[in-house]
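A.B. asks: For reference, the chains in residue letters:
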Amino acid sequence: SQQGEEDPQALSIQEGENATMNCSYKTSINNLQWYRQNSGRGLVHLILIRSNEREKHSGRLRVTLDTSKKSSSLLITASRAADTASYFCATVGGAAGNKLTFGGGTRVLVKP
Amino acid sequence: DAMVIQNPRYQVTQFGKPVTLSCSQTLNHNVMYWYQQKSSQAPKLLFHYYDKDFNNEADTPDNFQSRRPNTSFCFLDIRSPGLGDAAMYLCATRGGSGSLNEQFFGPGTRLTVL
Numbered sequence: 001s002q003q004g005e006e007d008p009q010a011l012s013i014q015e016g017e018n019a020t021m022n023c024s025y026k027t028s029i030n031n032l033q034w035y036r037q038n039s040g041r042g043l044v045h046l047i048l049i050r051s052n053e054r055e056k057h058s059g060r061l062r063v064t065l066d067t068s069k070k071s072s073s074l075l076i077t078a079s080r081a082a083d084t085a086s087y088f089c090a091t092v093g094g095a096a097g098n099k100l101t102f103g104g105g106t107r108v109l110v111k112p
Numbered sequence: 001d002a003m004v005i006q007n008p009r010y011q012v013t014q015f016g017k018p019v020t021l022s023c024s025q026t027l028n029h030n031v032m033y034w035y036q037q038k039s040s041q042a043p044k045l046l047f048h049y050y051d052k053d054f055n056n057e058a059d060t061p062d063n064f065q066s067r068r069p070n071t072s073f074c075f076l077d078i079r080s081p082g083l084g085d086a087a088m089y090l091c092a093t094r095g096g097s098g099s100l101n102e103q104f105f106g107p108g109t110r111l112t113v114l
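So the sequence lines, in the order shown, correspond to chains A and B. My numbering applies: residue 1 is where the first sequence begins, and numbers increase by one. My numbering applies: residue 1 is where the second sequence begins, and numbers increase by one.
The following block holds chain A by itself, in its conformation from the complex (with noise of 0.2 Å):
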């Protein structure tokens, strides 16, 4: 079952523009990931964020972790038309396990 809500669904901006979008889950967990997805396509690994951790970055990555208020942020700097696709959140632990559980994910539009 999906944990998480992200928000906003759908998202456009104009390349060089900052992208911002959030996370809420439910449970406790051991570790949260961002993956993003191209059209008809493969989900890929962006970063994970443990739950002893507040903020991470990679690259023009930022993720920010907030486990008391069950809320996580992706931010993407500078953005660029490659970076158009759709963002998913998800929750590693609580009572799913290791197993993966999403979040509904965020399309992002940027326009060249």
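These are calculated hints, taken from the structure and not from any lab test. Be aware that one or more of the hints could be misleading.
Here are some, though not all, of the chain A residues that point toward chain B, as calculated from beta-carbon distances under 8 Å [to be verified]:
{"hint": "1", "residue": "H45"}
{"hint": "2", "residue": "F88"}
{"hint": "3", "residue": "G103"}
Across the chosen pairs, the derived CB separations fall in these ranges [claimed, not checked]:
{"hint": "4", "chain 1": "A", "residue 1": "S68", "chain 2": "B", "residue 2": "P69", "range": "45 to 51 Å"}
{"hint": "5", "chain 1": "A", "residue 1": "L75", "chain 2": "B", "residue 2": "I5", "range": "31 to 37 Å"}
{"hint": "6", "chain 1": "A", "residue 1": "P112", "chain 2": "B", "residue 2": "M3", "range": "25 to 31 Å"}
{"hint": "7", "chain 1": "A", "residue 1": "E17", "chain 2": "B", "residue 2": "P61", "range": "26 to 32 Å"}
Examples of chain A residues toward chain B, derived with CB under 8 Å [to be verified]:
{"hint": "8", "residue": "I13"}
{"hint": "9", "residue": "G16"}
{"hint": "10", "residue": "Q33"}
{"hint": "11", "residue": "R36"}
{"hint": "12", "residue": "R41"}
{"hint": "13", "residue": "L43"}
{"hint": "14", "residue": "L100"}
{"hint": "15", "residue": "F102"}
{"hint": "16", "residue": "G105"}
Glycine included, C-beta positions come from ideal geometry on N, C-alpha and C.
Position chain B relative to chain A; hints supplied.
C.D. replies: Chain B in isolation, oriented as in the chain A frame:
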């Protein structure tokens, strides 16, 4: 390059006609997953193998079966596809015994049921 391969990329079948989707991996990962993803929705886990141990999700219909003859290959069998089974089917792998490992996804097989 080590990877997860799914064949075919597109599969068309008729209502009620059995179909098999395949997944292979060169990562030597011990865990393999099958997900169903319908349009504009999150992937939904159907089942997974931890080595040879099969783990079915409680809400996966009996119409869906899986086989894993060896570490590298895993198959998804849909015994009697219905129109509602049209979806993207994603295979993924995970290595290691911990929960901190990412999953590696194949490109998916898009199934159409006529």
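A.B. asks: Work down the list of hints and note, for each, if the structure agrees.
C.D. replies: Verification of the supplied hints:
1. H45: Holds, about 4 Å.
2. F88: At 6 Å from the nearest chain B Cβ, F88 of chain A passes the 8 Å test, so the hint holds.
3. G103: Nearest chain B Cβ about 6 Å off; hint holds.
4. A:S68 with B:P69: 45 to 51 Å: At roughly 46 Å between Cβ atoms, P69 of chain B and S68 of chain A fall inside 45 to 51 Å, so the hint holds.
5. A:L75 with B:I5: 31 to 37 Å: 33 Å, holds
6. A:P112 with B:M3: 25 to 31 Å: 30 Å, holds
7. A:E17 with B:P61: 26 to 32 Å: 43 Å, violated
8. I13: 19 Å, violated
9. G16: 27 Å, violated
10. Q33: Holds - the Cβ of Q33 of chain A comes within 8 Å of chain B, reaching about 6 Å at its closest.
11. R36: Nearest chain B Cβ about 10 Å off; hint violated.
12. R41: With a minimum Cβ separation of about 6 Å from chain B (threshold 8 Å), the hint on R41 of chain A holds.
13. L43: 4 Å, holds
14. L100: Result: holds, 6 Å to nearest chain B Cβ.
15. F102: This hint holds: F102 of chain A lies near chain B, its Cβ roughly 4 Å from the closest one there, short of 8 Å.
16. G105: 6 Å, holds
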